[in-house]
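Protein chains in written order, with numbering that gives the first Met the number 0: chain E, 0 to 373; chain B, 0 to 652; chain C, 0 to 286.
Some hints here could point you the wrong way.
What the hints assert, rightly or not - Result set (DSSO-like, lysine-lysine): computed pairs, CA atoms no more than 27 Å apart in a straight line:
| # | chain 1 | residue 1 | chain 2 | residue 2 |
| --- | --- | --- | --- | --- |
| 1 | C | 100 | B | 281 |
| 2 | B | 336 | B | 370 |
| 3 | B | 96 | B | 298 |
| 4 | C | 173 | B | 251 |
| 5 | B | 298 | C | 88 |
| 6 | C | 100 | B | 261 |
| 7 | C | 173 | B | 87 |
| 8 | B | 172 | C | 124 |
Worth flagging that the hints you see were computed from the coordinates, not collected in a lab.
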Amino acid sequence: MNASENPFESKRNWTKLREKLGVGSFGIATYFILFCAALIFGQIAYKGLPTFFKSEAPYVNTEFFTSNPEILRVWHDAEGNKFSMPDKKFDVWRRDNPDAVILDPHALNYSAGGIAGPLIGTALLVLFCMIIALSIGISAAIYLSEYCGKGRIMSMIRLSILNLAGVPSIVFALFGWGIFCHAAPAIVDHVDERSLFAFSIGSNYLSFQGWGTSLLAGSCTLAIMVLPVIITACEESLRAVPKGFREASFALGSSQWQTIRKAVLPYALPGILTATVLGITRVAGETAPIMLTATSTDKTDMPMQALQNEGVWAFFTQSVQALPFHIYTLAKLPDDPLSKPMQNGATFAFLLLVMGFAFVSILLRNRVRKKLKW
Amino acid sequence: MQVAAVPANKPKNKSAPTFKGKRGLRLMGLNFTTDGVVKGFFGGNAYLAILALLFICVFLLKSGLGFIPGYRVELGEARISGVELTNKVRYELTGYKALLARVNQAFIAEKRNRFGDEESTIYLYEEFEALVDDEFEDAMETYLSINDSPEKEAACARLCKDIADACNNIPEKKLLQALTRRLPELRKVSTNAKDQAIALAQDYALNDAETPHAVAEISAQISKEMGNFNTAVQAIKSAGKPLIQLESELTKHTAESDRILKLNRQTSGSITALEQGLKKAKQRDEPPVIIAAIEKRLKKSRGSFIEIDTEARIKAVYQAIENHDLIVDTLLIKISKAFNSLPAELENELTNVTIEQAHKLNSEFAIIVAKQKENISAWRHDKSITTGNTLAAFFFGSEWQTGSPWQDIYGLMPLFTGSLLVASVSLLFAVPLAIGAALYVNQFAHKREAALVKPGIEFIQAIPSVVLGLFGVLVLAGFLKDWSHSPLLSWIPGFPITERLNVLLAALLLAFMAAPTIFTLAEDALNNVPKAFTEASLAMGATKLQTAINVILPASMPGIIAAIMLGFGRVVGETMVVLMVAGNKAKIPEFSEGIGIVGQPVHTMTSIIAQEYGEVTEGSLHWQALFMVGLVLFTISLVINSTCQRVLNSKNR
Amino acid sequence: MKRITATTAIVIAFALNISATTTTRAADSKIDIKGSDTLGAKLVPQLKNAYVKDNPSVKIDILAQGSSHAFSNLDAGTADIGMSSRKVKQQELDKFEAKGKALVEHVAAWDMIAVIVNEMNPVRKLSLKQIEGIFTGTITNWAEVGGPDATISVYTRNTSSGTYKSFSKLAMSKNDYGINCQKLEGNQPIVTEVAKNANGIGYVGYAYAEGNHFKTVKVEGVSAKVSKIAKYPLARKLYYYTVGEPSGHAAQFLEWATTSDSASQIVSEIGFIPTTVAQESMGKLTK
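Make the full structure from the sequences, and use the hints.
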């Protein structure tokens with residue numbers, strides 16, 4: 000609208016300008032944040048995408064997602080042509096060309112192959128963490144919101160759980176490292192020297208010797224870390240179910256459990272689901288706790304192989320590679336252009352993974368908000 | 000839910016069988032109906048969760064608080080042995096050394112200004128020496144291996160010629176570049192200096208890569224010709240000798256006592272450990288070789304207790320310190336005398352500036368001396384260290400020094416200020432952006448626009464911190480440093496930045512992490528303002544902007560403050576980003592630099608845990624110190640969170 | 000209801016997993032190697048790669064976060080082999096002896112700690128005394144060691160690194176680092192910072208000493224080159240540690256890694272100096 004055409008506003012030019020400037024600057028702030036996000040995402044995507052694809056059919060670099068990190072061999076021949084080849088391929092090639100001239104050979108770690116090991120490791124950590132955190136967290140939330148009253152102690156407990164949700168992850172990491180890696184109980188047939196104390200049960204011992212750097216320790220640490228978040232979020236969504244639903248159910252004579260199952264949980268489920276995905280997002284992106292409790296830098300086996308070969312306990316007490324820690328390792332590699340594709344690809348894959356969870360959680364929440372209005 | 004108990008306890012009512020659970024078992028007074036079991040299960044899990052979370056607090060407290068008595072013992076040893084006193088003297092010495100270094104810098108600046116030509120000979124020679132090292136290593140070896148004299152002469156001539164050629168082949172521009180880094184006024188490489196340097200380089204090659212004496216002689220000659228200035232610098236240098244000697248004597252003496260005390264403590268630890276080990280080894284039926292080895296070690300350990308007479312040793316310390324006042328007083332007088340003999344106004348601007356700085360350092364040094372004199376005379380070795388002292392040493396200590404060959408020092412201050420600085424600077428960026436965005440989305444944006452923008456900003460929260468850290472190290476750090484060097488931006492205080500990893504970089508990345516948190520919570524707060532407020536304001540003729548700023552913003556203030564505080568909590572607790580980009584320099588940032596402080600690297604509480612956990616052995620003092628840091632972080636976040644809760648609750652009422 | 004019971008069952012099963020019959024470690028064919036970043040970032044993964052090719056039944060896990068990690072993990076029983084870029088400390092040794100166990104040392108390779116500066120920096124050599132001054136914080140300006148008038152930015156490893164301690168012992172006469180040091184994680188971050196800061200100085204393992212935009216300085220007039228290892232003042236050994244004499248697969252791996260030709264080939268390709276080469280060079284000097 001042109002100001003001069005409107006006779007009522009002609010005197011308020013200054014106010015109008017100020018209005019425009021004010022709103023404009025707020026708008027700029029908003030879009031500046033989004034612009035930064037787009038910039039970072041774009042930069043990572045631009046660098047990482049080439050690793051996802053390759054020039055020949057099937058065009059998608061499946062190897063990147065299905066194989067473990069590998070060594071890249073680099074050398075040049077007598078004419079000065081540069082070659083690089085993943086280690087396994089190199090062995091085959093060497094067998095076929097035993098006479099080839101190899102000058103100045105060197106090898107770059109983790110610069111070929113893929114990220115399957117770290118990817119699976121992260122998936123397992125998140126999976127077991129969520130199993131532990133959800134089973135405890137949801138039950139605790141149900142108990143707190145459905146069975147407990149509003150006494151002083153309960154509200155204090157609620158408050159402290161809420162407070163714990165804001166505690167830095169490194170503190171939980173420190174805790175997990177101290178307890179799960181060094182002092183958790185395990186049943187063993189031979190008490191290790193590091194055990195804090197042990198007593199015998201039958202032919203075995205219950206020994207407080209910790210689980211070492213392991214999948215189990217990592218999952219438990221992450222679970223403890225995310226527990227307050229899940230309890231708070233689930234309790235909130237349970238409370239959001241109108242009281243009338245419960246009262247109606249009780250009026251029909253159903254028991255407490257029946258009421259919860261039939262009249263409360265179904266309506267709180269979307270909210271709980273959102274909390275779950277939110278939890279996953281938070282857990283999957285976390286580096287510090289697993290760095291202290293669960294990861295190894297380099298590993299021969301895929302984690303599943305331990306399950307087949309050595310049994311359940313070995314599976315849970317093995318250390319795993321994890322994507323965020325792998326990225327951290329890659330960041331510390333020597334600055335070589337040949338190492339870059341793996342680094343960029345892994346970063347982008349990780350970003351996509353976590354953003355994917357976030358996307359799902361935001362989508363879910365929006366749907367919940369739309370659907371459930373009472 | 001008191002209603003709940005009624006139907007559950009009245010299962011006798013048979014008229015509504017469909018809704019009633021089966022009648023369960025009654026065992027040991029417990030009701031094993033489905034309801035009871037379910038309730039028990041949920042309750043059990045709830046208490047498990049609460050216990051686990053409670054356990055964290057207990058564990059942190061237990062692991063952390065053990066630090067205080069442990070550190071107290073160490074501090075006590077430092078006092079009884081006199082190390083503490085030595086540190087006071089060393090503190091003075093640091094002041095003196097800084098002063099001396101500054102005077103020395105002025106001297107070097109002046110020297111370079113006056114004797115650029117001669118200096119450039121030395122610098123050129125260094126360039127040529129590097130060249131000889133790189134290219135003539137084999138030639139030098141062949142030359143050395145020749146013993147026959149005529150052949151050797153020929154080889155010598157050849158080598159000399161090759162070197163001269165190679166040196167002359169270096170482009171003039173490159174040489175000039177190397178020189179102007181040190182002699183910024185230089186415009187041309189002097190031929191004279193170059194020839195001389197080549198001769199020296201040849202000398203170097205012929206003498207089995209020994210730097211020729213002539214090089215040292217040239218610098219000595221230059222210093223001599225500096226006249227008054229040289230004598231003044233030499234005077235300041237020699238004036239410090241008594242203090243340096245006092246410090247080194249004290250260090251030697253007290254460190255020895257401290258070492259013995261520590262060793263004895265360690266030995267007694269070793270002996271108990273070895274005794275246990277021996278018992279265990281015998282139980283396990285280890286081979287006799289191993290048992291014999293342990294027994295031998297045990298015997299050796301028992302014999303290695305060192306008798307120490309702390310009283311006698313500390314007496315020697317008191318004796319040594321008696322002269323301290325006299326020494327520092329003479330030192331001060333000598334320094335001021337030397338300063339007076341310095342030429343007042345010199346041609347070179349750099350020299351003048353540096354001398355001025357030295358004068359300032361001198362007055363600072365005088366203050367330090369006056370304070371330490373008092374401290375030292377008041378110091379008593381037999382005053383016992385209280386828990387309060389220990390706590391003060393931890394919370395207000397200005398040094399965090401671990402992995403030290405002498406004594407670890409755990410002072411929280413550098414880490415605490417680092418964390419605080421990074422967090423507050425990041426909020427400076429995040430708060431206006433996030434609140435502006437919240438206002439925009441809540442008040443001005445179109446509904447559809449808001450529906451797109453809101454999840455977009457919330458999406459940012461999901462970017463993993465390690466990815467952001469990587470982005471910071473690889474991309475943003477370089478950009479920021481380059482920008483800060485561009486002349487267009489030189490008006491910004493603190494620019495140009497010399498360190499790539501610094502507070503500003505960490506703060507920018509953290510601001511990006513905190514903005515979505517603050518945005519979401521602030522937007523919620525704005526949402527909660529009753530519609531009537533807006534309507535009333537608009538009805539009074541206020542514009543939308545006026546309504547937003549003067550009515551809605553104040554009305555939602557508590558919520559917004561809570562949002563900012565929670566954002567702060569998030570930033571303080573962030574680990575990976577600061578570990579990767581904050582620079583990890585465990586020193587209290589220099590607040591005297593004003594806004595330039597953002598260009599300094601800092602260390603933070605979170606990154607010290609991530610950086611040092613790998614080093615510590617379970618239960619050691621260092622382990623406990625890290626838990627203390629964790630405890631501090633824990634407390635900070637608890638305080639922030641509960642304050643926020645209170646703010647929000649009071650508003651709701 | 001059933002679903003919830005199932006979930007509960009899973010949870011309980013999970014919690015009781017602990018009570019599944021368990022095996023003690025090291026009985027199987029897995030070798031856990033933990034410790035130094037200097038060894039574990041480049042060398043050991045490649046040794047592992049080559050070794051596993053010939054012995055496909057062996058599994059090797061590596062975690063490289065600093066030398067001190069080696070001893071805490073060996074002590075906790077969570078590692079079979081510890082990698083360390085320094086000798087074990089007495090306090091660490093006590094822990095093992097307290098349990099009636101011995102710590103056995105195996106020399107992995109030789110390394111030289113190279114002192115690096117930016118390529119723009121005209122300083123080409125430093126004496127040990129100057130290095131000590133720079134890293135302890137008494138020398139703060141490049142002009143004092145013959146460089147330009149600029150404040151020195153000092154980059155060091157973090158305290159859990161063995162290189163951090165070796166350097167303090169070899170170059171700083173066991174003095175404490177000054178408070179101006181920036182402690183970085185790993186060798187590569189130091190290289191990156193020095194390459195991008197004209198006033199930077201840092202130290203790295205020899206394997207990292209070659210690259211763009213930075214150069215090594217001569218220490219006491221000796222440059223960090225394999226041929227000069229006998230004279231270079233900052234040369235050091237790198238170690239593997241085991242609890243007691245190693246046995247089984249760990250022993251075979253160590254035997255192969257420290258003595259075989261193919262292993263020394265890898266060692267020198269990476270940029271360390273195989274023990275045999277270093278000893279030869281030392282021998283020459285004593286002659």
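Now for the hints, and whether the structure bears them out:
no.	hint	result
1	C:100 with B:281	holds (12 Å)
2	B:336 with B:370	holds (22 Å)
3	B:96 with B:298	violated (47 Å)
4	C:173 with B:251	holds (14 Å)
5	B:298 with C:88	holds (20 Å)
6	C:100 with B:261	holds (24 Å)
7	C:173 with B:87	holds (20 Å)
8	B:172 with C:124	holds (22 Å)
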